[in-house]
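> In order, the protein sequence lines correspond to chains A and B. Start counting the first sequence at 1; every next residue gets the next number (my numbering). Start counting the second sequence at 1001; every next residue gets the next number (my numbering).
Accuracy of the hints is not assured; some may be wrong.
Which residues of chain B face chain A? A few of them, derived with a C-beta cut under 8 Å, are [claimed, not checked]:
no., residue
1, V1040
2, N1042
3, M1060
4, S1064
5, L1066
6, K1077
These aren't lab readings, by the way, just hints derived from the structure by calculation. Don't be surprised by glycine CBs; every beta carbon is placed ideally from N, CA and C.
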Amino acid sequence: MKDNNPISPHIQVYNWHISSLVSISHRITGVINYLLLILVCFWVISLIFGSESYQYFKKFSESMVGKFFIIGFIWSYLFQILSEIRHWFWDMGYGFELRTTKITGVIVILGSFILTIALYLLSGVLI
Amino acid sequence: MLQATKKWLFQKISSVIMVPFMIWFLMNIVTIFNGSYDEVVNFFTSQPSKILFSIFIVSMFFYSALSISEIFEDYIKQENAKKYANLGVFLSSLIIPLFTIITIIYL
């Protein structure tokens, strides 16, 4: 009986819509953010090795790769935050109309990019 | 209450706790990411960031473990593979935040 349990169909079966794009991105960013959180924890734990070892991380954080990493980090977290807030509204029974799901989906996608740029610039990392 | 309902409820409660801490952490990570060793240590070891960061990682690991187990439920058919994948996520969600919090306490 257990072997006959249905699993979710693969994503390529469906036509792409804003809502499906946000839905799968929510799951993907959820897993990525989990892995990023593990990296953050390893970063914190690595502080016990002292300031000399920290210079390796400092070189990375100041490099172009480091800048891309932190921008990606911010975007991935912001996407999950906005998408999670969208889920809260659904849980309260709001926003199920087709037009509303499209609008909120666009808000999640565009909002995550706009807020990433705003947060990055406001924090003065570019300076 | 059904097991699935309990899981959903825990997921929702942890997400409501997690999101404000995620926003707080995001606003700080951008600055401390480029900070010196002393600035970073000072951030993680002084209050209120010490307690806020601890709550953030505990709530996010808890939420992530529940969410990822849901993904395993949807996409892994083999029961044994699902069991071990869930065990791996559960153990890492317990051990990693524990070691991190111990580190910032004794740093």
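> Compare the structure with each hint and give your call.
Consistency of the hints with the structure:
1. V1040: holds, 7 Å
2. N1042: violated, 11 Å
3. M1060: holds, 6 Å
4. S1064: holds, 4 Å
5. L1066: Violated, about 10 Å.
6. K1077: Nearest chain A Cβ about 5 Å off; hint holds.
Of the numbered hints given earlier, the model fails hints 2 and 5; all others are met.
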